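Asker: Chains as they are written, first to last, in numbering that gives the first Met the number 0: chain A, 0 to 333; chain B, 0 to 752; chain C, 0 to 240.
Since the hints were derived computationally from the structure, they do not count as laboratory data.
Just so you know, these numbers come straight off a predicted model, no measurement behind them.
Here a beta-carbon is modelled for each residue, glycine too, at the ideal position from N, C-alpha and C.
Heads up, a few of these hints could be off.
Unchecked claim - Listed next, with one range per pair, are the computed distances between beta-carbon atoms: (1) B/ALA185 with C/LYS240: 49 to 57 Å; (2) A/ASN176 with C/LEU3: 22 to 30 Å; (3) C/PRO175 with B/GLY412: 27 to 35 Å; (4) B/SER127 with A/THR145: 19 to 27 Å; (5) A/THR10 with B/ALA185: 52 to 60 Å; (6) A/ASN43 with B/SER52: 52 to 60 Å; (7) C/PRO175 with B/SER560: 41 to 49 Å; (8) B/ALA57 with A/LEU86: 51 to 59 Å.
Each chain, letter by letter, is given below.
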Amino acid sequence: MNLFTHVNATTIAEATAATAKAGTAPIAGGSDLLTYLRTMCSPNAPTNLVNLKTVVPSMAYIKEEGGFLKVGALTTLTAIANDSTTLAKYTALAQAALSVASPELRNQGTIGGNICQKPRCQYFRFDNDDFKCLRKDPAGTCFALTGVNTYHSVFGPLNGCVAALPSDIAPVLVAMNANIVTTVKTWKAADFFVVPNVADARREQINALAAGEIVTEIQIPTPATGSKSAYMKWSFRKSIDFPLVSAAVLTTVAGGSVTAASIVLGAVYGQPRVATGAQTALVGQAINATSATAAGTAAATGTTVLPTPGGTNSNSYKVQIIKVMVQKAVLATA
Amino acid sequence: MDTLNVVGNPAIHDQHSNLILLGKMDYACDRLPGRKLYSAFKSSSIAHGAVKSIDPAAALALPGVKAVITYKDCPVWSPNIFQWGQEVAGVVAIDAGTAARAALLIKVTYDVSKPVIDPDESMKPGASSVGVIQGKNTLIANYLTRGGGGEAGMAKADVTLETVQPWSTTYQHNTLETHSAVAEWAGDQVKVWCSSQSAFNGKWEVAAALNLPINHVHFFTHGTGCAHGDKNSSPFAVVAAVMSKAVGGQAVQVALTRRDNMLFNTRQFSVRSAIKLGAKKDGTFTGIDAEFWGDVGRNPMAPVDNAHFGLRTTYTCPDADFKVTRVVTNTPQRGFWRCVNDPPGAFNYDIAIDKLADKLGMDPFALRMKNLRAPDAPDQDPPNRVWGGNGVGLCFDKVYTSSGYQSKWHKPGTRVLADGRLHGIAITGHLDSHGYIVGSTRGALVTITADGKCLVNVGGGRGSEGGLTSCCIITAEALGMPPEDVVCGDWGNTDVALDGGMQAGSTFTASAGGAFYNAALDARAKLFAAAVNHSPFFSLKVTPDQLEAKNGFVYLKSDPSQRLSYKQVMAGTPPIAGYGTGWNATLRSRSVGGVAQGSVCNANGSAAACAELAVDTETGQVEILGYWNAVDTGRTIFKQGAIKEMLSGCELMIHQALFAGDVYDIPSGACISTQFNESMVPTAMDMKGERFNVYDLESDDAAGPYGAHGMGEPCVTNYSAIICAIFNATGKWVDPEKGACTPNKVLKALGKA
Amino acid sequence: MADLEEQEKFMEKKVEGSGLSRREFLRNAGFVVGGASLGSLAFLNACSSGSTSTVTETKTVTAGAGTTVTVTAPAVTVTGTGTTSTAPANLVNLNVNGIDYWGVVSPEWTLAYVLREKLGLIATKRGCDWGDCGVCVVLMDSRPVMSCVVLALEASGKKIETLEGLAPKIGATLDPLQQAFINNDAMQCGFCTAGQIMTAKALLAFKPSPTVAEIKEFLAGTICRCGAYMGIIAAVKSQAK
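Let's have the full structure, built from the sequences with the hints guiding it.
Answerer: This is the structure:
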């Protein structure tokens with residue numbers, strides 16, 4: 000484990016002041032941060048942790064208020080998955096929360112932490128920083144681009160890195176047009192998951208948070224009448240795994256046909272990927288096998304499969320899986 | 000068969016369940032809490048070359064660091080690097096984190112050579128040297144010709160099949176407990192607690208490496224956190240002993256990190272083959288020309304030599320060539336892992352047999368039955384041994400009938416289920432190269448205590464499957480004692496037990512169990528001799544051969560009412576009468592119908608499996624609809640243990656066929672699937688255990704105690720049934736690409752990826 | 000083990016494999032228990048190396064039956080890439096199986112590490128140290144967590160339950176769930192058993208009549224490498240109300 004100091008913040012102001020200092024990071028559930036520190040995989044590891052769980056008033060809550068579902072950043076994934084309002088009206092969010100890792104990690108992991116996790120790539124995460132990858136050091140290289148990249152992006156590199164978005168929650172927030180409230184501002188989800196350039200000190204982030212900026216609340220607009228949402232996740236195993244392909248879909252149906260559709264892919268690119276072609280294909284159609292298949296096909300266009308040594312373990316399967324996951328997620332909103 | 004009271008009794012559970020459930024089973028790292036130091040390794044960041052320099056100064060300067068050892072101090076380490084992640088130095092410190100941080104500060108420079116990671120590259124003429132064998136990268140392991148050889152057999156064939164099988168999966172089992180050891184010195188003697196399957200192997204290893212008298216090494220292994228052969232060797236016991244010596248004898252713990260455990264330890268072979276099969280139109284084999292190559296990693300001595308064993312011994316064929324070649328690469332060592340060569344070998348030849356069946360337009364099961372070696376037929380190759388009898392046929396029959404194969408099989412790619420998925424089914428089976436009585440001596444010690452009960456001390460460790468309980472059962476049966484009166488005292492303790500060999504693996508019940516059988520007979524004979532000198536038998540002038548024992552009583556065969564309890568016998572005897580020792584050298588010879596057939600024979604295990612599955616052609620996902628696993632146990636000793644073992648066999652075969660596979664970064668040679676979530680260990684959710692059907696079949700043909708075979712390895716070997724069933728479903732063969740048939744590869748076979 | 004008498008017995012018993020009574024063991028590790036026989040301690044080895052003592056903090060805490068203990072602990076300085084910082088002393092109060100333990104930890108010590116190496120509670124195992132395998136599962140405020148990814152500092156003040164707490168007093172019968180594991184042969188090597196039992200215990204408390212599918216889902220984080228899932232699932236199912 001990397002060494003660090005640890006303080007319990009008692010107010011969000013205190014936490015903000017503390018995390019603004021160089022080498023300081025907030026800790027929520029800690030399930031991602033501590034594994035990152037334990038493997039000593041990065042030279043950029045923080046040396047001071049500020050515990051957010053001790054902040055008063057608590058940032059763990061779920062409430063419907065003012066046309067939004069408001070979820071405190073420290074709400075555990077278990078709490079979200081078990082919340083009946085979330086499941087009924089913000090279904091995709093509950094499904095995404097339930098799909099993360101194992102029950103134990105969902106008891107620890109928070110929604111805020113899930114959207115602030117570090118990149119997921121075997122090279123980035125390899126113990127002891129044995130692979131000097133681009134996300135850790137701008138002078139490094141992307142090993143996955145020509146090496147093992149079975150789990151990686153099929154929409155090309157993002158700032159030179161082909162790691163795929165590991166968050167289950169992120170595509171749902173984009174699909175549902177969520178606000179991400181921080182100590183600094185309120186972000187639109189689509190603007191939040193912008194991966195900083197590797198030259199930026201924030202290069203290890205999967206979002207654009209500034210130093211010292213802490214996520215405090217997630218706000219999801221209550222979907223319009225006739226709306227339904229769904230999250231579909233695919234991985235090799237039935238549980239525990241990070242997504243290899245995921246699809247978050249929100250559709251609004253009036254008079255038998257789709258009036259608005261939001262289709263966002265996870266785990267296929269460095270950030271949530273809005274499948275605009277699929278959205279266009281679905282709007283105006285009734286939700287059925289034909290329209291769902293057309294949406295799936297549209298979502299899987301424009302892909303770039305990564306080269307692999309000897310052609311083995313290629314990531315080309317993701318293209319096919321995108322079709323199927325989008326199709327299934329669309330049908331689930333019927 | 001004899002009437003048995005304890006052997007095979009389903010009411011008997013694992014002797015150590017209580018200890019485990021109370022959290023009191025001690026694994027190596029549980030020893031000496033509070034008074035030990037901790038350690039971490041510096042391992043190589045190159046796959047091939049040599050250490051040029053090591054500078055530990057910065058590590059030693061870190062507060063809390065007690066010592067740094069390098070390859071110069073540790074006899075099991077070397078400056079010559081043959082794989083990525085090879086240990087070159089280690090740090091001892093006050094806590095594990097400090098040791099790990101210090102290890103990062105050790106500066107190592109290397110002379111770098113070109114690594115050879117891909118076995119195909121290694122085999123090419125003019126390939127760079129891997130460095131572990133002088134001047135070459137391959138070793139001929141096991142070549143033999145039968146009759147006129149494969150070519151002559153092909154000449155007699157109506158139909159021939161020629162196929163090159165791609166490399167099968169290679170993977171580390173990822174035991175939950177990483178390799179661990181705790182060592183401390185007292186003067187010139189060392190105590191080592193180690194997560195080893197074989198206490199005595201560990202003892203010899205430590206003594207030899209440190210040049211110590213054997214009786215100065217005290218080796219203990221209690222709990223072993225899953226092993227399956229991976230923990231036979233105990234190099235980390237040696238490392239712990241060296242580290243402890245470096246800090247003046249204070250206890251030091253070695254507990255590998257998940258990464259180091261995955262990088263360094265033994266994994267399953269990857270095997271490829273070029274197989275030619277020749278057959279008559281009716282399917283009768285006329286010739287086999289089968290060549291196998293095993294990627295043995297950096298260990299040229301790895302035992303892949305019997306990859307062809309099942310093909311050679313399960314089926315009849317007059318003319319054949321069988322070849323196995325070891326190919327070295329700069330990757331971690333292959334070797335003992337839940338069977339050695341049989342699973343990857345069977346994976347290769349079973350695919351070839353199914354391909355031939357397809358070419359002949361036959362049901363592959365019918366093709367197998369057509370060529371099955373007759374029960375009791377001697378082996379076709381010198382020394383023409385008599386194998387265990389008809390076990391493999393029994394197993395094939397059982398899975399065939401119980402799965403309903405006859406009504407379920409169809410031509411490849413022709414059955415669609417109601418939900419649109421494709422249905423597939425296949426059966427494979429084999430006589431295993433394991434399960435026999437190994438040559439080395441196993442010893443056993445039983446003590447009948449003054450209260451008429453029995454204590455057994457087993458020399459092996461405690462692996463997974465309850466071999467210790469088996470030894471107790473055998474002892475109870477042979478002594479005629481109720482099972483609850485026979486308890487395992489200490490085990491895996493080289494100070495109080497005789498060498499019990501390696502616990503786990505296929506041989507423990509048959510070999511160590513055989514020693515306990517003989518030890519119990521020894522004790523029984525002594526007690527019978529004592530009993531005849533003891534009232535009331537004395538007055539009857541009986542001789543020991545007129546006595547029998549059952550349920551804790553010694554009685555007169557002719558009048559069972561004339562009896563004494565063991566406690567009564569013990570009350571009238573000197574304590575020495577209560578001891579028995581035994582070795583496994585004088586086991587029962589093979590019997591047919593209870594009649595001994597000459598000298599002790601090999602009694603290999605055998606097994607067959609049927610896999611029924613559904614393939615989703617949209618996602619490539621395979622769902623197991625049913626799995627039937629039949630294993631010839633010879634005689635089932637520990638019924639619950641055997642059932643558990645076969646069920647776990649189902650799980651492990653599914654794991655190996657559908658999930659497992661190391662991933663290597665080719666340029667560096669690093670295994671980068673070092674964590675659980677990258678090696679795709681199946682979870683409870685991935686198993687459809689309710690669809691598993693297991694059968695322990697008794698074949699009365701064996702040389703072990705009461706006729707027992709080893710069964711652990713046969714029961715995990717038939718994972719080829721799954722890839723054959725995927726072919727039956729889709730009509731396409733999946734290229735496992737040195738890994739499992741994961742959905743991406745199924746999609747690739749289907750042309751969708 | 001809530002009552003003081005029982006706790007005293009527990010403290011006088013030898014810690015398996017250490018040769019020390021639990022009280023002596025804890026004292027060496029820099030921990031004391033609340034309740035009885037408290038004293039002032041110097042935490043000689045409380046802070047991991049790589050840190051330097053710069054500040055000393057003294058805290059007086061009330062523990063157990065109104066007794067007080069004075070804890071003196073050094074502060075921790077960490078030198079990292081370009082930054083040096085000092086944090087206050089890291090005093091923790093871990094309530095494990097009903098006993099209050101007080102001590103000072105290094106910030107990077109995990110709950111799993113402290114339970115095993117500092118409190119001598121070895122039923123909780125170490126497998127992957129990264130939240131992946133489940134052999135270190137304990138209950139924290141009644142919920143199962145991977146104790147290898149919980150900082151000991153952040154477990155302070157929480158109610159921790161380990162397999163040792165489930166284990167009955169001497170002479171008592173096993174907990175029904177433990178007995179069910181025996182009846183169903185729900186283990187092979189036993190290394191995952193503590194994690195399986197603690198997780199299943201939480202499931203049965205939270206959902207007394209789980210289906211097989213729910214059991215599998217809840218146990219998905221606790222891996223078994225011997226292949227005993229069928230027995231484990233059957234054992235848990237047998238305890239469904």
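Asker: Please go over all the hints and tell whether each is borne out by the structure.
Answerer: Cross-check of the supplied hints:
Between B/ALA185 and C/LYS240 the C-beta distance comes to about 54 Å, which sits within the given range of 49 to 57 Å. Between A/ASN176 and C/LEU3, the C-beta spacing of about 58 Å breaks the proposed range 22 to 30 Å. Distance hint for C/PRO175 and B/GLY412: a CB-CB separation of about 50 Å, inconsistent with the stated range 27 to 35 Å. Between B/SER127 and A/THR145 the CB atoms are about 20 Å apart, so this pair conforms to the stated range of 19 to 27 Å.
Between A/THR10 and B/ALA185 the beta carbon distance is about 56 Å. The supplied range of 52 to 60 Å therefore holds. Checking the proposed 52 to 60 Å range against A/ASN43 and B/SER52 shows it is violated: the Cβ atoms sit about 29 Å from each other. Evaluation of the 41 to 49 Å hint for C/PRO175 and B/SER560 yields a pass: the beta carbon distance comes to about 43 Å. A hinted range of 51 to 59 Å for the beta carbons of B/ALA57 and A/LEU86 is consistent with their spacing of about 54 Å.
The structure fails to meet hints 2, 3 and 6 from the earlier list, while all remaining hints are met.
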